[in-house]
Structure formats: C-alpha cells, structure tokens
Amino acid sequence: MTTRSVPLNTTQPRTSSIQWQRMLSTGAIYLTLILAALIFLLPVYMVLMTGFKSPDEVNISTMWALPRSLSLESFRQAFDELRTGLGNSFALVIPATAISAVLGSINGYVLSKWKFPGANIIFPLMLFGMFIPYQAILIPLVQFLRDIDLYNSLAGLILCHVVYGLPITTLIFRNYYTEVPDEMLEAGAIDGAGFFGLYWWIVLPISLPGFVVVIIWQFTQIWNEFLFGVTIAGQAAPTVTVALQNLSGSQIVQWNVQMAAAFLAAIPTLIVYILLGRYFIRGLLAGSVKG
Amino acid sequence: MGQSRTDRFIAIAMIAPSIILIAIFVYGFIGWTGWTSLTDSNALQQLQRLPANNVGLTNYGNLFAGQLDNRFRVDIVNTVFFTGLFVLVCLGLGMLLAILLDQKIKGEGIFRTIFLFPMALSFVVTGVVWKWLFNPGAGINVLPTAIGLPAGTFRWFISEDRILEFVWRDLPIIAAVLIGLFVILPALYYVVTRRSRVGGIILIVGVILNAWLLLGAAPALAGRSYLGQERHGFNLALLAVVLAAGWQMSGYTMAMYLAGLRGISEELREAARVDGCSEIGVYRRIVFPLLAPITLSAIIILGHISLKIFDLVYVMGGGDNLKIDMPGLNMFFETFRGQNFGRGAAIAMVMLVMVAVVIVPYLISNFRSEATRR
Chain A
1 MTTRSVPLNT
11 TQPRTSSIQW
21 QRMLSTGAIY
31 LTLILAALIF
41 LLPVYMVLMT
51 GFKSPDEVNI
61 STMWALPRSL
71 SLESFRQAFD
81 ELRTGLGNSF
91 ALVIPATAIS
101 AVLGSINGYV
111 LSKWKFPGAN
121 IIFPLMLFGM
131 FIPYQAILIP
141 LVQFLRDIDL
151 YNSLAGLILC
161 HVVYGLPITT
171 LIFRNYYTEV
181 PDEMLEAGAI
191 DGAGFFGLYW
201 WIVLPISLPG
211 FVVVIIWQFT
221 QIWNEFLFGV
231 TIAGQAAPTV
241 TVALQNLSGS
251 QIVQWNVQMA
261 AAFLAAIPTL
271 IVYILLGRYF
281 IRGLLAGSVK
291 G
Chain B
1 MGQSRTDRFI
11 AIAMIAPSII
21 LIAIFVYGFI
31 GWTGWTSLTD
41 SNALQQLQRL
51 PANNVGLTNY
61 GNLFAGQLDN
71 RFRVDIVNTV
81 FFTGLFVLVC
91 LGLGMLLAIL
101 LDQKIKGEGI
111 FRTIFLFPMA
121 LSFVVTGVVW
131 KWLFNPGAGI
141 NVLPTAIGLP
151 AGTFRWFISE
161 DRILEFVWRD
171 LPIIAAVLIG
181 LFVILPALYY
191 VVTRRSRVGG
201 IILIVGVILN
211 AWLLLGAAPA
221 LAGRSYLGQE
231 RHGFNLALLA
241 VVLAAGWQMS
251 GYTMAMYLAG
261 LRGISEELRE
271 AARVDGCSEI
281 GVYRRIVFPL
291 LAPITLSAII
301 ILGHISLKIF
311 DLVYVMGGGD
321 NLKIDMPGLN
331 MFFETFRGQN
341 FGRGAAIAMV
351 MLVMVAVVIV
361 PYLISNFRSE
371 ATRR
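Residue numbers (my numbering), protein chains in the order written: chain A, 1 to 291; chain B, 1 to 374.
The following block holds chain A by itself, in its conformation from the complex (with noise of 0.2 Å):
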C-alpha cells in the first residue's frame, strides 16, 4: 500500500517517481532471486552436462560445455555400480519406514491424549536422542548387534533406523494429534470405546496427513543416511550412500560415472521432494519448532 505517501495533489512527475522506484526495487528483487536460483542450480547442470556426456567427451577443461551429443553411456556405468545398493536401500528404507511410522503413532497418541504421570520428563528425554551426535552409542551399537547376531546384515540397520528414528516420529505424532480436540475422543468414549476403540476408530481415520509428513521424513533421513550405513552393514549390505562413497573413493571410476551416480542415488528423495515438497517442509520444521 502506497497510497498512504501519495499526496492529494499528486503532480504527474512524482507519481512516476514512486513507480520508477517500485519497479527499479522489483527488478532487483527478481534479479537477485534469479541470480541465486542460477547459482543453487549450478552443481545439478554440472552433474547432468558431465552425465549426458559419452565417455570420450569428458574433459576437465570443458566441464561446463553442453555435450556435443547426449549419451546414456555414464548412467548405464553408473546403475551397474549402483545396483546393489540401490536395493538394500529399499529393502532397508521400505520397513524400516512403515515400522517407525506406526511405532511413532501409537507414541505420538498416547503422549498427546493419555497423559501417564512422568510423561513430561520422559518425553524430552526421548527427544534428546535424535540430537546425539551417533558416534556416541556406536561403540556399544556395534557389539550389541555383533551379541544379537545381526551385526553387518540389513536387519541390524533396519533397528537402529527404527530405534533412532522414535523421537522425531513420535514428535510429528505427539504435536499433530494435540490439535486434534478431546471432545472428539470423549465422545466416542461414551459410546464405549476404549484405548484401541478410540485409536482405531477416530484417531487412525484422521492421520493420514501426520503418516504422509513422518513416512516422507523417515524416507529421506534412512534413504540419505551414511554412518550407520558404513559402520554397521557397509561390506555385507552397502547402501545407496555407501556404495556411492565406495565409488567417489576409488581412483578407477571416471567422474562423469561419479556425477551420473550421484544423480541416480538422487532421484528418489528428490522424486519425493517434488511431488509432496509440502509435507517433506512440514517434517523438516517440525524437528526445530515444537509444542
């Protein structure tokens, strides 16, 4: 609103002043925006230009040339390498997601509408745990799973992916159903529900849109996750991550194979992102701004 500024005179040239104004600061707004739009998508042209490339082609010097003609050659090099730990990333991802998710909710209900006394010490106690730095339960992690047998195996991965990833679940959970009013739950009491009733009945039909934000979370967090990864299933079962680290380290792999890899462990959190970029902001706010 300018108008405020205009006085009731307006003369002609001042008018034009303002909007000459306006439009120069619109222009910089949009300039700069652009410009940083450009730069954040710099390292994707360059991943994707040295992809397209064939193999003779690739050329430090001319890295950020358009290839003379497009090649899929990198991307098949790159999905051979991958494929393994493409897999097990799935393999891993896919329960240890829907196993987390359900845990979080039945954490998340109870914490919100079944106050137990001590709740609220426990709770934070709980939320501390997805801020420790890992390093600081690996040691005793990699005994326990190596006691229990499923040291170096995608199951040991799949329960430390669950285990660790309880807070943030029952977080998401805990804060979406405090807005859910009591009244609703009270009423199906009186018809005599009771814990499961309540859960099955009028809580579970209206989770969808927490289940979406945490399976997204979940999803991206286990998908892109490494240290775990390296440490306690690295040579038995690599995942994504490991097995691309594994070919950024080697000397023999061409990099115009690195970027396409680096591309292709990309695309399914990037799918993800796309498509319900909504929700995926909602899960990474949530684990800064609570109650």
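Just so you know, the hints here were simulated from the structure itself, not pulled from any lab data. Beta carbons are placed, not taken as given, at the ideal position from N, Cα and C, and that holds for glycine. A few of these clues could be false.
As the list claims (entries may be wrong) - If you want the ones that stay clear, here's a sample from chain B, every Cβ over 10 Å from chain A, calculated:
(1) N54
(2) G56
(3) G148
(4) I158
(5) R162
(6) L171
(7) A175
(8) L215
(9) A218
(10) S225
(11) G228
(12) G233
(13) F234
(14) L236
(15) G281
What the hints assert, rightly or not - Using C-beta positions, here's what the derived DEER-type ranges look like:
(16) A:I206 with B:D40: 52 to 58 Å
(17) B:P150 with A:Q251: 26 to 32 Å
(18) A:P181 with B:E266: 39 to 45 Å
(19) B:L296 with A:P117: 40 to 46 Å
(20) A:S25 with B:G319: 32 to 38 Å
(21) A:G197 with B:L44: 30 to 36 Å
(22) B:S278 with A:L208: 44 to 50 Å
(23) A:L31 with B:L185: 41 to 47 Å
Start from chain A and add chain B according to the hints.
Positioned in the frame of chain A, the structure of chain B alone reads:
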C-alpha cells in the same frame, strides 16, 4: 477425559517398549561409551578376551594435551571455525532469500523449490558433487574461463593456507579473554541494568568456566613443554566445506524464516507504516525482533548439525585430509580402523558434551514454555 484404569494401563504398556528401547539404546549406550572412554579398550584385548584396563581420564588428557594426538586438536579448532562460518552463511543467506520471497513474488513456489531442494539430498551426494566442483583444476575454478576470464587459483579443500593462527598452549587464556568480553561483560550488564535471572545464571557459569580456564587448564598446558609452539588456526580449506554445506542447508533457514514472516500479520506492518515507519524501519522495528526466536532455534539446530558433521567431510576429505578433519571423522577412524575403542569413545564423549551444551538448554526452555502455555 473419562479413562478407565484398564485403558490407562494399556496406554502405558503400548508406549513402554519405545521408552525401554530409548533408555537402552540412547542412555544405556551413552553410559557404556562413557565407561569405555575411561579404559584402554582395543581390538587386541578383545581378541585375547582380556579385560580392558581402567586408565581414568588419560584418554581425555591425551586428546587435549597428548604428545602424539595433535589430530584431535586440529579437529576441535576446525569444528569451531566451521560451525561459526556455516551458521553465519545459512542465517544470512536464508534470511535474505526469505525476505525476498516474502515480497509477493510471482513464481514464489518455483524459487522456494529451487532453494530448498538440496535439503532432500544426502550429504554424501553433496560431497561427491562438490568435490568435483572444488577440484582445483576444474569446476568452479574454470567456470570464469567460459566467459573469457582467467581461471581461479584457490585450491579449495586442499588449500594449505591458514589464517588466525595461535599457539595451542595459549588457548585457555585466549578463550578466557573471549568469554570475558562476549559472555561475562554482557551478562553483567544485563544483571545490573535489568536484574535478569538468566543473565545471572550465565554470569555464574562464565565466571566458573574462566576460573577453571585460568587456574586449571592454563597452568596444566603450560607444564606440557613438549607441546612447544604447536600452532593451530583457521584452515581456509574449510571454506569449501562451508560453501557445500551452506548450499545444502540455507534452504532450511529460508523455510524457517519464511514460516516466521508469514506469521507476522500484515495489519501489524501496516500499523507501523501508518505510524511513519519506512519499509526498512518496519523490518528493523517489527520483523527482525519477531524473528529473533527463530534465529535462535536455527543457530541451535544448525550448530548441532555442524558439531557432529561426518558424511560430508568423509566424502570430501576421506579421512586423510586433516585440513578439513572433524571430530566425528576422527572418532570413526580411531575406532573402526585404528581399533582404539577407548580413545574413540573419548572423542565421542567430547562430541556429545559439545552437542548437549547446545541442545539441553534448548529442550528445557522449549518444554518450559510449552508447560506455561497450557
């Protein structure tokens, strides 16, 4: 809510497994790591089924003042500089982008998607890609040649340059002076002028910390003559890591600030304008103060991420490049390659303490404000 006793019991029984899991896997394991850090536990002992010897705080002493462990001290210095710069970049860039996007922009959704998409990537992907962008003979350095400018010469993450150098043995005194200037004096000011209680707590903590630094740490380090003139400083190679991590995480602060900006009602801004505030004044008097809590949250979240950063430097440095080494990486190699569990555990505990110092007050204040709101 009328809840029967059976149902209450079921509710507790349903959450009990999760609580027990967290109790064991988080707190039990931290205790175990803490105990390991007080021993000389290593692979050889484990193979021979020998018990580890209790060595007290030796591992910690070696990390900070041991003759042969200068790697951890490099890590700590790297972490401090990296964290400071990374948080600054994310806050500055995130705030700028959020304010620009808040100007009723056409195509806001597209811009937002572009600025936030790196958040959906793994740090490993970011590392692999930026390692090539920062290759001294390629990437960013040759980009200017595309428009006829000379190529860049900075060697990014393998740069040997170091600024702000200091002698390790002087660190307690340097730290004490900094704490005095930036913690104790401001806290004292708030206590005297505003009778602030939080200020009082901070003041006491600062004074105790300084007393320990000057009376405990400084003489202890001065006694270690073999440390000699061991120098540390800000490795410029870290700039490469800061830029890569900033590219990945700035969108996060942007999203936080944007959510905050959307929460400030247009009426409030309009009221300020009616009172004669210029557009910049509106930001200075209304918007920035209202965004302050978000800035604090962002500092804590980003800070704790950078204190425990691992994947990105693992991919970019591979554990050999000490210019960008971090405690998380050191712990990994010490434990799983060097098989020195005692020392690895000690590094892990130092990391945990650093993160806890940032996170615990944050969690407490969050839950206290939530409790008073109810």
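Results of checking the hints against the structure:
1. N54: The assertion about N54 of chain B holds, with a minimum of 16 Å to chain A.
2. G56: At about 19 Å from chain A, G56 of chain B clears the 10 Å cut-off, so the statement holds.
3. G148: holds (13 Å)
4. I158: Consistent with the label, I158 of chain B stays out of reach of chain A, its closest Cβ about 15 Å off (over 10 Å).
5. R162: At about 26 Å from chain A, R162 of chain B clears the 10 Å cut-off, so the statement holds.
6. L171: Label holds. Min Cβ-Cβ 22 Å, cutoff 10 Å.
7. A175: At roughly 22 Å from the nearest Cβ of chain A, A175 of chain B sits farther out than 10 Å, so the non-interface label holds.
8. L215: holds (29 Å)
9. A218: holds (28 Å)
10. S225: Holds: least Cβ distance 32 Å, greater than 10 Å.
11. G228: holds (30 Å)
12. G233: holds (25 Å)
13. F234: Non-interface label stands for F234 of chain B: nearest chain A Cβ at 23 Å, farther than 10 Å.
14. L236: holds (21 Å)
15. G281: holds (13 Å)
16. A:I206 with B:D40: 52 to 58 Å: Holds: the Cβ-Cβ distance is about 56 Å, inside 52 to 58 Å.
17. B:P150 with A:Q251: 26 to 32 Å: holds (30 Å)
18. A:P181 with B:E266: 39 to 45 Å: violated (29 Å)
19. B:L296 with A:P117: 40 to 46 Å: Because 32 Å falls outside the window, the suggested range is violated.
20. A:S25 with B:G319: 32 to 38 Å: violated (49 Å)
21. A:G197 with B:L44: 30 to 36 Å: violated (58 Å)
22. B:S278 with A:L208: 44 to 50 Å: 46 Å Cβ-Cβ, so the 44 to 50 Å window holds.
23. A:L31 with B:L185: 41 to 47 Å: holds (42 Å)
Hints 18, 19, 20 and 21 from the earlier list are contradicted by this structure; the remaining hints agree with it.
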